[in-house]
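Visitor: The primary structure of each chain is shown beneath.
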Amino acid sequence: MRAARAAWRFLRGEPFAFVGAAIYALIVVTAIFADKLAPHDPREILRVGRRVARYLPISPEHWLGTTSSGRDVLSQLIWGTRSALQVGLTAAIVVVAIGTLMGLLAGYLGGWVDKLITRLADIVLSMPFLPFMLVLAALTQPGTTVVVACVALLLWPNTARVIRSQVLSLRERAWVEAARVTGCSNTRIMFVHILPQVLPLAALYGSVAIGWAILAEASASFLGFGDPNTVSWGVMLQEAYANQALGRGAWNWFTPPGLAIVSMVLAGFMISRGSEKLLFPKLADK
Amino acid sequence: MSAVIEARGLGKTFRTGRRTVHAVQDVSLSVSAGEALGIVGESGCGKTTTARMLLRLEEPTAGQVLFEGEDITHRRAAALLPFRARAQLVFQNPFDALNPRFTIRRTLAEPLRNFGIPEAEHAARIDAVMGRVRLTPASAWLDRFPHELSGGQLQRVVLARALIPGPRLIVADEPVSMLDVSVRAGILNLLRAARDELGLAAIYISHDLALIRYVCERTVVMYLGRIVEEGPTAELIAAPRHPYTRALVAAVPVPRVDQDRAALPIRGSLSDSPLGGTGCAFRDRCPHAMPRCEAEAPALREAGQARRVACHLEEGAPS
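From first to last, the protein sequence lines stand for chains A and B.
Read in order, the letters of the first sequence are residues 1 to 286 in the working numbering.
Read in order, the letters of the second sequence are residues 287 to 605 in the working numbering.
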């Protein structure tokens, strides 16, 4: 209760974080109540009389019109929040966890640990994303798990590099030496003294990873390696692309999922930008 | 009284690629409880490296460090914990010495936690130490973050953090050089009061002879990694024996603009001095250099009551 009130007070003082949190809250609520909010089954092929209701424009009945196969765009958009949250958040959490840990160990411990992790990161960074995902998907069960695993395995070096360079400069600070003089172990210095200072960066990279994961999921779905039974923004975009929605001027079909992806990535960025004051109290005065 | 900390033939060699730098060579010193030792010298003379070795923030490559009679020279990090509680450091730059994300309370609780002091005692000990550094009432300060305090206030917190585990030794590395002149005396007096009341051994590291004279009974002068002279501070300043000490004393600013004073008795700069090799490291800058200085490095010898000097001129001189 106390924490909730503190969080509310913080959000009220930080417009950036407030907008970001509001977008996330909206998406989370939509995802939870997707089955109640959506006017139609997102996979149902709607008909007008006996004809399939293709490319219907925006109308009171179909707020965002219908797709080329007569499905309700709004319902798909609403259901899409579920898979977006699932893929985006899992991938982001795994990326941030691995990347931060690797960056922290490499930057603080240095020596052979640093060499090993940096080499590993170089190797991973040189791997092309799509082929890697296709091979992994071909070797295992295609589905969202593969997408999440790919994003996690291939995206952690970006986070790790940034965290490492930040840690390299932080560990030279006098207060790190002070921590050692006052009896802190290396583990405690890393996780209690240094980690909180790099978390905003990690969160920033996490919010980028959310977007990447959603985009990756879209690409995988397009190439047939996604889960065919899910409804996602990525699948919507790819379907629209495959049916030349742009050429037909069916902007009511492809704009909403695109905006949804953009707003989700933006929300993550705004939250991490807005929390800087909380995470770097020194900035508060400026 | 037995020494709290003692260094015997301490040395530190850094290797960078092909070059080898002898940052500190053959430094021996000791400090007893209640005594303050000053280490003076110019930048790069090895005084900070010496201090870091005494605190085992750096592992010596030669010699021994004895703390209360125990050899801690090569002790592993985990086994150093009891020593850490008893030997503390006051930092030069108070703006960088405190974790910016920790409140003052948390900064002070951190050593207590690490040294295994029961949580029930934390509040009382924090209050007591805040009183000692004259940040009262403690409640007005404890929940603030470092960026909300001034330099002098921060240095008091740094001092409080050093005192809170109940150390026997305090090392102060240029403790006031980053502070405004107006608050320097306050910090130095607090340090001195803590030393007197708690019977601490203290080591002050500074380039400033005036500061050393104000707080230290005994002084060691270092030049290029070696001790060149040692003695009671007052005598050392009144009658310096080593040519380098004479130069240091002559360089102390005097608050009179139109004074008459001789030019510095030495010439050149640090980079002119030979690194390694034989002979006296100071010979290129010394006004009294003689052929012998080229051939043979002078040893640090007893030169009178409680004084030691490393100079060929001293040999055979009446002590």
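To be clear, the hints were calculated from the coordinates, so they are not data collected in a lab.
Some hints here could point you the wrong way.
To be verified - Derived pair list, reagent style SDA-like, types lysine to any residue, alpha-carbon separation capped at 20 Å: (1) A:115 / B:302; (2) A:36 / A:61; (3) A:115 / A:170; (4) A:115 / B:591; (5) A:36 / A:4; (6) A:115 / A:158.
Visitor: Now look at each hint and say whether the structure bears it out.
Guide: Comparing the hints with the structure gives:
The hinted pair formed by residue 115 of chain A and residue 302 of chain B meets the criterion: a straight-line CA distance of about 18 Å does not exceed 20 Å. Between residue 36 of chain A and residue 61 of chain A the alpha-carbon distance is near 16 Å, which keeps this suggested pair within the 20 Å criterion. Annotation: proposed proximity of residue 115 of chain A to residue 170 of chain A holds, straight-line Cα distance about 19 Å (limit 20 Å). Straight-line distance between C-alpha atoms of residue 115 of chain A and residue 591 of chain B comes to about 55 Å, which puts the hinted pair past the 20 Å bound.
With a CA separation close to 27 Å, the supplied pair residue 36 of chain A and residue 4 of chain A exceeds the 20 Å bound. Restraint check for residue 115 of chain A and residue 158 of chain A: the C-alpha separation of about 16 Å stays at or below 20 Å, so the hint holds.
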